[in-house]
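Q: For the protein sequence lines, the chains are A and B, in the order given. Sequential numbering from 1043 applies to the first sequence in the working numbering. Sequential numbering from 440 applies to the second sequence in the working numbering.
Among the hints, erroneous ones may be present.
Unchecked claim - Straight-line C-alpha distance at most 20 Å; calculated EDC-like pairs for lysine to aspartate or glutamate: (1) A:Lys1147 / B:Glu456; (2) B:Lys442 / B:Asp461; (3) A:Lys1147 / A:Glu1060; (4) A:Lys1110 / A:Asp1072; (5) B:Lys442 / B:Asp468; (6) A:Lys1120 / A:Glu1056; (7) A:Lys1066 / B:Glu483; (8) A:Lys1120 / A:Glu1060; (9) A:Lys1147 / A:Glu1125; (10) A:Lys1147 / B:Glu483; (11) B:Lys509 / B:Glu495; (12) B:Lys442 / A:Asp1098; (13) A:Lys1147 / A:Asp1072; (14) B:Lys509 / B:Asp494; (15) B:Lys442 / A:Asp1072; (16) A:Lys1110 / A:Glu1086; (17) A:Lys1147 / B:Asp468; (18) B:Lys455 / B:Asp494; (19) A:Lys1147 / B:Glu454; (20) A:Lys1120 / A:Glu1086; (21) A:Lys1110 / A:Asp1098.
What the hints assert, rightly or not - A few chain A residues that face chain B, going by a derived Cβ cut-off under 10 Å, partial list only: (22) Glu1056; (23) Met1057; (24) Glu1086; (25) Phe1107; (26) Phe1116; (27) Ser1129.
Rather than coming from a laboratory, the hints here were simulated on the basis of the structure. Think of the CB as a built atom: it goes at the ideal place given N, C-alpha and C, for glycine as much as any other residue.
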Amino acid sequence: DAGVIQSPRHEVTEMGQEVTLRCKPISGHDYLFWYRQTMMRGLELLIYFNNNVPIDDSGMPEDRFSAKMPNASFSTLKIQPSEPRDSAVYFCASSLRLRRATNEKLFFGSGTQLSVL
Amino acid sequence: AQKITQTQPGMFVQEKEAVTLDCTYDTSDQSYGLFWYKQPSSGEMIFLIYQGSYDEQNATEGRYSLNFQKARKSANLVISASQLGDSAMYFCAMREGVQSSGSARQLTFGSGTQLTVLP
């Protein structure tokens, strides 16, 4: 089975440029999550979707960040304009809805290492 | 307040020995789940083991076991017979139940413990 697929694996861009990160969740999964990992703040939830609908975007840092899920097999996280402080590893994860929600485990993609110069 | 606390930024263990990675959590829910993930230097996040708050037995998965002490709100990961490939960052995470988080499905992660296995 294919896992969660993220692209690109690495992205280097200049300040002010638009960056788009992509994610394909595991087929059949109901939930999709975007996390950001930095040394200072650890793993932070940015946003998550249930059946393609954004449920909680309270972790999105500011209006420069936006996320979409146009269908069950694709999501994007866009940063426009990008800033050096956005440099981080961005993970996408998906999970399957279970009868007991606390059991649901997250399957992570390999992450996108973003460097904004 | 931190929901997940991992007090050991770094740990060393000799190959073939057992090691315990500490994790304490904070929740007022009766129903919650606790997870451990491994992040090797290559960067991916690998699920290791899960413990439900109502599970009476401690979870085990191969060389991994979870020492769950509900009254102390601790969920320590025990790795037996350490191998060089166990060197990685280990994260403890929690999903709370309905009371405190409604229908929230996200995991909240601790800051991690960097484990180094010595030959």
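Q: With reference to the structure, classify each hint as holding or not holding.
A: These are the hints, each one checked on the structure:
| no. | hint | verdict |
| --- | --- | --- |
| 1 | A:Lys1147 / B:Glu456 | violated, 28 Å |
| 2 | B:Lys442 / B:Asp461 | holds, 14 Å |
| 3 | A:Lys1147 / A:Glu1060 | violated, 32 Å |
| 4 | A:Lys1110 / A:Asp1072 | holds, 15 Å |
| 5 | B:Lys442 / B:Asp468 | holds, 12 Å |
| 6 | A:Lys1120 / A:Glu1056 | holds, 15 Å |
| 7 | A:Lys1066 / B:Glu483 | holds, 15 Å |
| 8 | A:Lys1120 / A:Glu1060 | holds, 7 Å |
| 9 | A:Lys1147 / A:Glu1125 | violated, 32 Å |
| 10 | A:Lys1147 / B:Glu483 | holds, 15 Å |
| 11 | B:Lys509 / B:Glu495 | holds, 10 Å |
| 12 | B:Lys442 / A:Asp1098 | holds, 18 Å |
| 13 | A:Lys1147 / A:Asp1072 | holds, 12 Å |
| 14 | B:Lys509 / B:Asp494 | holds, 10 Å |
| 15 | B:Lys442 / A:Asp1072 | violated, 25 Å |
| 16 | A:Lys1110 / A:Glu1086 | holds, 18 Å |
| 17 | A:Lys1147 / B:Asp468 | holds, 18 Å |
| 18 | B:Lys455 / B:Asp494 | violated, 29 Å |
| 19 | A:Lys1147 / B:Glu454 | violated, 29 Å |
| 20 | A:Lys1120 / A:Glu1086 | holds, 16 Å |
| 21 | A:Lys1110 / A:Asp1098 | holds, 12 Å |
| 22 | Glu1056 | violated, 23 Å |
| 23 | Met1057 | violated, 24 Å |
| 24 | Glu1086 | holds, 8 Å |
| 25 | Phe1107 | violated, 16 Å |
| 26 | Phe1116 | violated, 19 Å |
| 27 | Ser1129 | violated, 15 Å |
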